[in-house]
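> For the protein sequence lines, the chains are A and B, in the order given. Just so you know, we're using the working numbering here: the first sequence kicks off at 1 and counts up by one. Just so you know, we're using the working numbering here: the second sequence kicks off at 1 and counts up by one.
Rather than coming from a laboratory, the hints here were simulated on the basis of the structure. Every value quoted in this text rests on a predicted model; they were computed, and no experiment measured them. Where hints are given, some of them may not hold.
Unchecked claim - Taking lysine to any residue and the SDA-like style, the derived pairs with C-alpha atoms no more than 20 Å apart in a straight line are:
1) Lys192(B) <-> Tyr184(A)
2) Lys99(A) <-> Phe237(B)
3) Lys246(B) <-> Trp2(A)
4) Lys192(B) <-> Leu6(A)
5) Lys246(B) <-> His178(A)
6) Lys121(B) <-> Phe181(A)
7) Lys121(B) <-> Gln131(A)
8) Lys246(B) <-> Phe16(A)
9) Lys246(B) <-> Gly104(A)
10) Lys192(B) <-> Trp2(A)
11) Lys121(B) <-> Pro130(A)
12) Lys246(B) <-> Tyr184(A)
13) Lys246(B) <-> Pro130(A)
Claimed, not checked - So the derived label-pair ranges between C-beta atoms look like this:
14) Val494(B) <-> Arg66(A): 52 to 58 Å
15) Gly43(A) <-> Asn320(B): 31 to 37 Å
16) Pro130(A) <-> Ala132(B): 44 to 50 Å
17) Ile113(A) <-> Ile315(B): 23 to 29 Å
18) Ala124(A) <-> Ile386(B): 45 to 51 Å
19) Asp77(B) <-> Asp132(A): 31 to 37 Å
20) Ile46(B) <-> Tyr27(A): 52 to 58 Å
Beta carbons are placed, not taken as given, at the ideal position from N, Cα and C, and that holds for glycine.
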Amino acid sequence: MWLFLLTEVMFFGGLFTVYMIYRNWYYPAFVAGSHQLSIPMGGLNSVLLITSSFTMALAVWFAEARKKSALVLCLILTFVLGVVFLGIKGLEYKEKFEKHHFPGTHYSLQSFINPASDPVAVAAGDKALPQDTAQRTELFFSLYFAMTGMHAMHMIVGMGILAFMIFRARAGAYTAGHTQFVEYFGYYWHFVDIVWIFLFPLLYLINRH
Amino acid sequence: MSSTIVSLPDQSTARIPKDNYLTRENGILSWLLTRDHKRIGILYLISMTFFFFIGGALAGLIRLELLTPQSDLMAADTYNKVFTMHGVIMIFFFLVPSVPGALGNFFLPMMIGAKDLALPKMNLASWYLYMAGGLLALWAMITGGVDTGWTFTTPLSTHYVNTNVITTGLAIFIAGFSSIFTGLNFIVTIHKMRAPGMTWFRMPLFVWANYAASILMVLGTPVLAIAIVLVALERTFGIGVFDPTKGGDPLLFQHLFWFYSHPAVYIMILPGMGVISEVISTFSRKRVFGYTAVAFSSVAIAVFGFFVWAHHMFIMGISNYAVLVFSLLTMLVAVPSAIKIFNWAFTLYKGSITFETPMLYAFGFMGLFTIGGMTGVFLGVSGTDIHLTETYFIVAHFHFVMVGGMLMAFLAGIHFWWPKMTGRMYPEKISQLAAVVTFIGFNLTFFPQFILGTLGMPRRYASYPPEFQILNVFSTAGATILGVGYLLPVLYLVWSLKYGKIAGNNPWQATGLEWQTQSPPLTENFATPPIMDHEAYDYEWLENQKEKEVASVR
Numbered sequence: 001m002w003l004f005l006l007t008e009v010m011f012f013g014g015l016f017t018v019y020m021i022y023r024n025w026y027y028p029a030f031v032a033g034s035h036q037l038s039i040p041m042g043g044l045n046s047v048l049l050i051t052s053s054f055t056m057a058l059a060v061w062f063a064e065a066r067k068k069s070a071l072v073l074c075l076i077l078t079f080v081l082g083v084v085f086l087g088i089k090g091l092e093y094k095e096k097f098e099k100h101h102f103p104g105t106h107y108s109l110q111s112f113i114n115p116a117s118d119p120v121a122v123a124a125g126d127k128a129l130p131q132d133t134a135q136r137t138e139l140f141f142s143l144y145f146a147m148t149g150m151h152a153m154h155m156i157v158g159m160g161i162l163a164f165m166i167f168r169a170r171a172g173a174y175t176a177g178h179t180q181f182v183e184y185f186g187y188y189w190h191f192v193d194i195v196w197i198f199l200f201p202l203l204y205l206i207n208r209h
Numbered sequence: 001m002s003s004t005i006v007s008l009p010d011q012s013t014a015r016i017p018k019d020n021y022l023t024r025e026n027g028i029l030s031w032l033l034t035r036d037h038k039r040i041g042i043l044y045l046i047s048m049t050f051f052f053f054i055g056g057a058l059a060g061l062i063r064l065e066l067l068t069p070q071s072d073l074m075a076a077d078t079y080n081k082v083f084t085m086h087g088v089i090m091i092f093f094f095l096v097p098s099v100p101g102a103l104g105n106f107f108l109p110m111m112i113g114a115k116d117l118a119l120p121k122m123n124l125a126s127w128y129l130y131m132a133g134g135l136l137a138l139w140a141m142i143t144g145g146v147d148t149g150w151t152f153t154t155p156l157s158t159h160y161v162n163t164n165v166i167t168t169g170l171a172i173f174i175a176g177f178s179s180i181f182t183g184l185n186f187i188v189t190i191h192k193m194r195a196p197g198m199t200w201f202r203m204p205l206f207v208w209a210n211y212a213a214s215i216l217m218v219l220g221t222p223v224l225a226i227a228i229v230l231v232a233l234e235r236t237f238g239i240g241v242f243d244p245t246k247g248g249d250p251l252l253f254q255h256l257f258w259f260y261s262h263p264a265v266y267i268m269i270l271p272g273m274g275v276i277s278e279v280i281s282t283f284s285r286k287r288v289f290g291y292t293a294v295a296f297s298s299v300a301i302a303v304f305g306f307f308v309w310a311h312h313m314f315i316m317g318i319s320n321y322a323v324l325v326f327s328l329l330t331m332l333v334a335v336p337s338a339i340k341i342f343n344w345a346f347t348l349y350k351g352s353i354t355f356e357t358p359m360l361y362a363f364g365f366m367g368l369f370t371i372g373g374m375t376g377v378f379l380g381v382s383g384t385d386i387h388l389t390e391t392y393f394i395v396a397h398f399h400f401v402m403v404g405g406m407l408m409a410f411l412a413g414i415h416f417w418w419p420k421m422t423g424r425m426y427p428e429k430i431s432q433l434a435a436v437v438t439f440i441g442f443n444l445t446f447f448p449q450f451i452l453g454t455l456g457m458p459r460r461y462a463s464y465p466p467e468f469q470i471l472n473v474f475s476t477a478g479a480t481i482l483g484v485g486y487l488l489p490v491l492y493l494v495w496s497l498k499y500g501k502i503a504g505n506n507p508w509q510a511t512g513l514e515w516q517t518q519s520p521p522l523t524e525n526f527a528t529p530p531i532m533d534h535e536a537y538d539y540e541w542l543e544n545q546k547e548k549e550v551a552s553v554r
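Whole structure, please, built from the sequences with the hints as guidance.
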């Protein structure tokens, strides 16, 4: 299982490398791009995910303590927190789509060339970026969608397994001494959590030190 | 051959044991749902032979086209697709899974005295992923093909071609998971499933080599996966990560791609080196000279392999200092490779050598791999690389290592373990002939390409200046002979399934644990769990063992 997580680290490592390089090259554009992300929403999501990690850890503990109903409850809580996380993420995505910040043919530079037109940019005190710099913000959003999308995909897979586990746990599968599956899933869930803990400062908090 | 050490059991009384992994269960489902590592190994063997011949047919088309200077057999576009699919199929669906998938799956657990791999279901899943990836790649080929070259270099792959890049990429992505699963499984098995007494330094070198290759699979493949995902995203959404007009850097793709694909060549060659260690030791009746050095050189190759990727990019605009560093690191890889070659040579020294087919292939490996490795140093030196890169010199170099090295090792391994896998011997004379034919055909095919490359013939073109024709004709003629050399083993190995002589437990008098059980083995490999009470390659132990031997009761 640790080896599997190692492969995951290498997978996300590739993405993080790409991000780091471009952030270094196009710092002003990345800052302006990051101002478009909502810290309250991202922060709330961080809290949710950390809490879900906590309930998952509790679930492992209850499985070892052979407490069936507590185990099921914790698994359901983890699942619900995951759903709420994805819901908030969906709201954020929706906003990006509405402002044409999704990279591709409909990408709009308005918020960056003419910050006065965008209340979010005004609030952050953004200055107008020259055309070529502003175009680099598309790269920021590309990476934003690629990285958070990849993360969300891992969460969806994880929640599929969670649903299966809840179903099995109700039948008493993990409270009879065989807790390995729950434990390994716990590792996976914490890993997904940690990825987010790296993503949050990289994407949301740059230039706020 | 009179000097042969084959001591077959008396043919009037010998028989195949009634209960073995092939006869335990019957029916197609017992194969498709099996968790037995030996059956999965056989599944791999059959399916990768299939892919090998598709890739081989494509190679034949390439050589036919290059028979004449004009692009006349096929249009240039078609030629691009043919060599791309040749590369994709041969690399991802034959070379990467060849020895680990077939021979590793079958023998790695037996060599360390285990009942099975640690994660048998995952092992079966890896075969299904491999097949899914392979069939998807074939589907991509049939429905229009892909013409980016197997390297998917950006921006060509993301902006300029309109062929099945995403489908092929997806196929490689899926096959990548298959090799991650295999790698994971091997690492866990080697750590956890060794028989009592089987310490790390008593393991056969085949196991060490597969261990090193598994590390590469586990660490490298995910990076390839993310590179492919980014290419797919770039193509579908135009995210701009590799698009210079949006501020991206096409070269970054190559960094990510070669971070996997350079280690990938060691994934391909290391298990082959493991096979050669076994074969050389067995047929010279000596312990491998410098066992520890050979074992660690595998690991060293795996480690160095991760720090040389940029030597594929010397002419592509990386900084001079990077070139210098990567050039030096590249030459460093030659050291552990040379350690292996020299140690095998010293193993032969004063050994009592016999020339069975696996040994002939192993000799072929040593010669061809040495040439392939040495020319690799030419390419690692940045000055000569600027002249030689993207010419036929490169093509010849990696075919010497991959085909001359890896494929020879694979065939050596197949012949060496055939009696154990099937319980029957292959026909000795004709297989020796096949080994010699392969060697001659190989040299005739690829040696002229070194000269062509030095003269400046670029790779990946369907046409070339007429003055290069004579060497190309040699090369194509050689490819025909090579084709015969590869077809022969398929024919006589299939023939031997029914008509081969019965092999008995240990026809080569080899020391590995896999030879100390019946052939074909039981589903659980050993009747009683083995205990390793001697060093690897201890032929004296084997002699003493024979005195105590009693006839099998099964």
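> Is it true that the CA of Lys121(B) sits at most 20 Å from the CA of Phe181(A)?
Roughly 15 Å between the alpha carbons, so the hint for Lys121(B) and Phe181(A) holds.
> Assess, step by step, whether the Cα of Lys192(B) is no farther than 20 Å from the Cα of Trp2(A), and give holds or violated.
This hinted pair holds, its Cα atoms lying about 14 Å apart.
> Quick one, are Lys246(B) and Pro130(A) close enough, alpha carbons at most 20 Å?
The hint holds at about 14 Å.
> Honestly, do Gly43(A) and Asn320(B) meet the 31 to 37 Å range at C-beta?
violated, 45 Å
> For the pair supplied as a hint, Lys246(B) and Gly104(A), confirm whether the alpha-carbon distance does not exceed 20 Å.
Holds, because 10 Å separates the two Cα atoms, which is no more than 20 Å.
> Range hint 52 to 58 Å: satisfied by the CB atoms of Val494(B) and Arg66(A)?
With Cβ atoms ~56 Å apart, the hint holds.
> Are Lys99(A) and Phe237(B) close enough, with their CA atoms no more than 20 Å apart?
holds, 17 Å
> Okay, Asp77(B) versus Asp132(A) on CB: inside 31 to 37 Å?
Holds: the Cβ-Cβ distance is about 36 Å, inside 31 to 37 Å.
> Within 44 to 50 Å or not, the Cβ separation of Pro130(A) and Ala132(B)?
holds, 48 Å
> Quickly compare the C-alpha distance for Lys246(B) and His178(A) to 20 Å and report which way the hint goes.
Between Lys246(B) and His178(A) the Cα gap is close to 52 Å, so the pair fails against 20 Å, i.e. violated.
> Lys121(B) and Pro130(A): Cα distance at most 20 Å?
violated, 57 Å
> Should the hint that Ile46(B) and Tyr27(A) are 52 to 58 Å apart at their CB atoms be regarded as holding?
holds, 55 Å
The structure fails hints 3, 5, 7, 11, 12, 15, 17 (numbered hints given earlier, in ascending order).
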